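These two chains come separately, so use the hints to put the complex back together.
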Amino acid sequence: MANVKIDNVVKRYGAVQVMHGVNVDIEHGEFVVLVGPSGCGKSTLLRMLAGLEEISDGTISIGDKVVNGVSPKDRDISMVFQSYALYPHKTVAENIGFPLKMAKRPKAEIDEKVTRAAKILDLAHLLDRFPKQLSGGQRQRVAMGRAIVRDPQVFLFDEPLSNLDAKLRVTMRVEIKELHQRLKTTIVYVTHDQIEAMTMADKIVVMRDGRVEQIGAPLDLYDRPGNVFVAGFIGSPSMNFLRGKIASADGAKQFASDSGLRLPLPDTGAPDGAEVIYGIRPEHIGVSADGTAGGVPVNVVVVEPTGSETQIFAKAGGDVIDAIVKDRIRAAPGSQIHFVIDPANVHLFDAKTEQRI
Amino acid sequence: MHSNRLGWLLLAPTMIILFFFGVVPFFYVIWVSFHQWNPFAANPNMVFNWASNYRQVVFDAQLMASLGVTFAFVFFAVVSELILGYLLAQAFMKDFPGKAFFRTIHTLPLIMAPIIVGSIWKLMTTPSIGIIPSLVQSWFGLDLNIGQSALAAFTVTVVMDIWHWTPLVTLSLIAALVSLPPDPFEQAQIDGANKRQIFWHITLPMIAPAVVATVFIRLMDALRTVDEVLMLTGGGPGSATRYIGVHIFKEVFPRTNYGYGSAISVVVLYMTIVICWLLYVGLIAPRNTKKG
Chain A
1 MANVKIDNVV KRYGAVQVMH GVNVDIEHGE FVVLVGPSGC GKSTLLRMLA GLEEISDGTI
61 SIGDKVVNGV SPKDRDISMV FQSYALYPHK TVAENIGFPL KMAKRPKAEI DEKVTRAAKI
121 LDLAHLLDRF PKQLSGGQRQ RVAMGRAIVR DPQVFLFDEP LSNLDAKLRV TMRVEIKELH
181 QRLKTTIVYV THDQIEAMTM ADKIVVMRDG RVEQIGAPLD LYDRPGNVFV AGFIGSPSMN
241 FLRGKIASAD GAKQFASDSG LRLPLPDTGA PDGAEVIYGI RPEHIGVSAD GTAGGVPVNV
301 VVVEPTGSET QIFAKAGGDV IDAIVKDRIR AAPGSQIHFV IDPANVHLFD AKTEQRI
Chain B
1 MHSNRLGWLL LAPTMIILFF FGVVPFFYVI WVSFHQWNPF AANPNMVFNW ASNYRQVVFD
61 AQLMASLGVT FAFVFFAVVS ELILGYLLAQ AFMKDFPGKA FFRTIHTLPL IMAPIIVGSI
121 WKLMTTPSIG IIPSLVQSWF GLDLNIGQSA LAAFTVTVVM DIWHWTPLVT LSLIAALVSL
181 PPDPFEQAQI DGANKRQIFW HITLPMIAPA VVATVFIRLM DALRTVDEVL MLTGGGPGSA
241 TRYIGVHIFK EVFPRTNYGY GSAISVVVLY MTIVICWLLY VGLIAPRNTK KG
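Chains as they are written, first to last, in this note's numbering: chain A, 1 to 357; chain B, 1 to 292.
Rather than coming from a laboratory, the hints here were simulated on the basis of the structure.
Since the structure is predicted, the reported quantities are computational estimates derived from the model, not experimental observations.
Note that beta-carbon positions come from the ideal geometry of N, C-alpha and C, so glycine has one too.
There may be inaccurate statements among the hints.
As the list claims (entries may be wrong) - If you want a taste of the chain A side facing chain B, the calculated C-beta under 7 Å gives, among others:
1. A50
2. F81
3. T268
4. P271
5. P343
Stated by the list, open to error - Keeping only pairs whose Cα atoms sit at most 20 Å apart, straight-line, the calculated SDA-like set for lysine to any residue is:
6. K94/B <-> E53/A
7. K132/A <-> K250/B
8. K104/A <-> F199/B
9. K90/A <-> K250/B
10. K90/A <-> N194/B
11. K90/A <-> D183/B
12. K101/A <-> A41/B
13. K101/A <-> I198/B
14. K250/B <-> A41/B
15. K90/A <-> F199/B
16. K104/A <-> R196/B
17. K101/A <-> T203/B
18. K101/A <-> K250/B
19. K195/B <-> R224/A
20. K90/A <-> K94/B
21. K94/B <-> Y13/A
Next comes chain B alone, as it looks inside the complex (with noise of 0.2 Å):
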């Protein structure tokens, strides 16, 4: 009993911290969700106004087109960012000069800020000046101007996130590697199986947990980029990099929208959870029900 109370004496300064932090906030998005709340409008008080937020969600048509392309971010971004990191991860695990070296430089891009990040890769692809747009010119004699072209921007924002969280991605992958029992890699070897066997058949399903909670991290994380994308683009050219936080971030902070700003946000919260869902049923619970 003794202990007990202890126990939970040690746990409530971090438990006060949650709270405020973290319940405190998340219920107050949600009360601000239904109201009409803009500190500058006609009316700067908050206004019950049921769930016309809501209402309003469904029929944003640029709320849309954020969702749109912000998927294809994700989708091109996470899967860039798994492949890439895996064969990093492959390659720190055999042995070569300077591996330690690279292996510490290779991580450095995780410990910036998104907004450092952003400011990088602004002056990196600003036309006339920038080293990226110089390089594109004269290897493909391409002219690169993400202020001009939809897909230049699109796809130096998802090059910036490949570069940004690869990493990261690398350094969960090695964990797993390294810890994987050498036995039955030897063993399928003699079982006749080749390369590509090995990984198809061993070493995929045996990282497939930490491969999977790799993919949750990335996914949260690339669902709501805000800061990066900002700094760099803006949201544009246009609305062609307007991803769903960009697009939350100009409806609450220059718009002072503040009710319709939280209902997205709560909506995009419930699609995270659903799609995170979506994925641990698919890939995670068969396994584990199967395992009994």
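With the rest of the complex left out, here is chain A (with noise of 0.2 Å):
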């Protein structure tokens, strides 16, 4: 177990720069989930974690020591790829005790880690099977043993669960989560699903060609989006986002939006006039049939009903607002009805630098 410090990491290959001085720390036994949209950098940080490829810049330590020119194999580190690299030709039992056989452990030594690691992922069974004859999920576990068995400093994981299909998906993220709790390494891990960020990580690191937009703890980042970019990403389905001005009426301040909506503001030091961003998560909207606890008169376009909850698709003005309620609404298409907001959800930001005000 180890923290991991990294340090102004900047990549290039050759003049093209795709990493710029990126920074994040990692406290021991943390769970740190790389977030973001593909082609953000998450994966090279990743594989420049795991010395797979040269960081051009900065420094990147595991423990108390800098591992900069440090080859993959003496960075004590256990990795799970997305395609989980087993090796085809080696039995489950070999595939785990791999490391352990590099490091010319004693044979007793593997067969008893192996069986241990087996044991907590349910693979004892499949010992003697091939990678071929396992399914997605059995593939999954057996990269997952392969990498605890050597109980390394720190775990990374590239995209484990893409593969897998969605209700498997959520049996491994739950499985992942429960191992970390067990063994309380420091685990890196990277997706572009901001679900699994949201439900597995301590600390989250939202990334965007290859700077590091937020860090934060799941909630914080959803409470408070340090950016348009970053308030977009998080929460599903994402949040609503109107263009617009700050304006006075009746001695209280509104947003206007740029196609003609009025609608309520928290208290912020905006000056009216100022242009922002104004945003809303779906799951803050609250609906009204006839309008009358007050809100916004939207018309229907679009109800989806998924039995937990409904989601409905509304115009007002020249935007489409989309809202999520848990009452069973009947709306027909283009009917009329009202949006209300609780101003204390409401997310600013200024519209030229998409910071949050």
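Here it is in structure tokens:
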């Protein structure tokens, strides 16, 4: 177990710079998720941690040791690849025991540790099988078994669940989290799936275009996204954004969208006329059928009932806003309903810098 | 039904050609091998003589000597080609300036007819005019004369075979290496394997099917080498390079001993099949049964 320090790391491919001074501090035993859209550099950063990519500038330390020039085999890390990277010609037992065999551990010790790992991961009955005889979920578990046998300082996971079907992904998510709670080893986990990030992480690092956009605990990122990108990326379905200005009416501040909507505002220091982006999450919008509770009149475009909740896409002025409510709303497309917004749930961003106000 | 008949119709030309050029000569050789047949002997007709040609095979001291040098030749040639071919394939996996050029150049020997290869090497090894004896003389102070030294002749035939056929090994191993997924190799680095361990535990097992197939091809080819060696040394000096193919050639053509030559051919074919079968049983079958 160890802490990891990524200090001002830069990556260049020839003249093209793809990583622009990334700083991340990972505490010992922490579960950190690197998340971002494809091409944001999260996998590159993980591969730099693993030693599979060189670092053009800056330092990476594992424990107290700077590992910039250290080869992967000497970093004392384990990695689970998206493809699982199992050795196709080796049995499950040989796959799991491979790191120990390379470390020239005695055979009795290898057998014992493989058996223990297989037991933890429910693979005991599959030890003699070959990878091609396993299902996706079983392969995934073998890859994890191979990662845990050697008791590394840091686990690295590179989108380990993205090849699994939706149901299995949820199961494995729980298993990985449980494994972390049991082993308490530092984990760095890469994903493009913000749900995975939210549910598993102690700390999320949101990346875009080779830069860190925000670092924080999952709920902090959800409650106080630092900019429009993070606000839109974290949370599903994504936050509604409206462009407009701050205006005063009846002595209270309001938001006036470019399309003519008037929406309630929280207390901010933003002056009248300031150009802002107004963000409200779909799940923070209430629906009132007749408008008795106030609210903004909108025209229903599409209603998507999923059983537990109902998602409503509605047009207000020129903007389409979506809302999610627990009630079962029956609203015909084209009919008018009212969206109720609590100012406390509104996020305001500067229109130019896209930073939170 | 219709498409089935069309299929046979389309296959027919190939099958007819294969039948006349493959199946018929094969059975004809077996047929001839049971006869005494020498068109220039007192009785030029084919005379059925049961298995006496095969009996003669067993007591043919020259044949046994030929088999001995053939196995030595095949062993040294194929093993060297494998090692050299693998190293070249690995070199061609990396990027370096002029890679495409060198890759093309290095396959040139492959497209040469063996008889041409034999002539070229004969020119290069002829004492006093050849470049090879001259270089060997100036580098090592040795007098290389393949017309006199059995060891020199044997070595030169092996080197010639390596020169001719290593590119085939390289090409098939490049194909195997290119198709390997990169992830297990990165995984192996992370799992703590050094380069040597990665080769033995990951690379070699993963390209093993291609290696075995290449060994099969090279083994069968090397066992029936004739024209290059005939051209270069004529099987000499003495019978130092009278490999089995050369031996059969000399029995069948200069000595027109058709029946006996056919019998040796059948025996050699049988041995080739047995060797390949042993290789298959030893190398491929266990992997297949293990994988179920």
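Hint check:
no.: 1; hint: A50; result: holds (6 Å)
no.: 2; hint: F81; result: holds (5 Å)
no.: 3; hint: T268; result: violated (49 Å)
no.: 4; hint: P271; result: violated (54 Å)
no.: 5; hint: P343; result: violated (50 Å)
no.: 6; hint: K94/B <-> E53/A; result: holds (17 Å)
no.: 7; hint: K132/A <-> K250/B; result: violated (53 Å)
no.: 8; hint: K104/A <-> F199/B; result: holds (16 Å)
no.: 9; hint: K90/A <-> K250/B; result: violated (50 Å)
no.: 10; hint: K90/A <-> N194/B; result: holds (18 Å)
no.: 11; hint: K90/A <-> D183/B; result: holds (15 Å)
no.: 12; hint: K101/A <-> A41/B; result: violated (69 Å)
no.: 13; hint: K101/A <-> I198/B; result: holds (12 Å)
no.: 14; hint: K250/B <-> A41/B; result: holds (16 Å)
no.: 15; hint: K90/A <-> F199/B; result: holds (14 Å)
no.: 16; hint: K104/A <-> R196/B; result: holds (14 Å)
no.: 17; hint: K101/A <-> T203/B; result: holds (16 Å)
no.: 18; hint: K101/A <-> K250/B; result: violated (55 Å)
no.: 19; hint: K195/B <-> R224/A; result: violated (48 Å)
no.: 20; hint: K90/A <-> K94/B; result: violated (27 Å)
no.: 21; hint: K94/B <-> Y13/A; result: holds (18 Å)
Violation of the numbered hints given earlier is confined to hints 3, 4, 5, 7, 9, 12, 18, 19 and 20; the remaining hints are satisfied by the structure.
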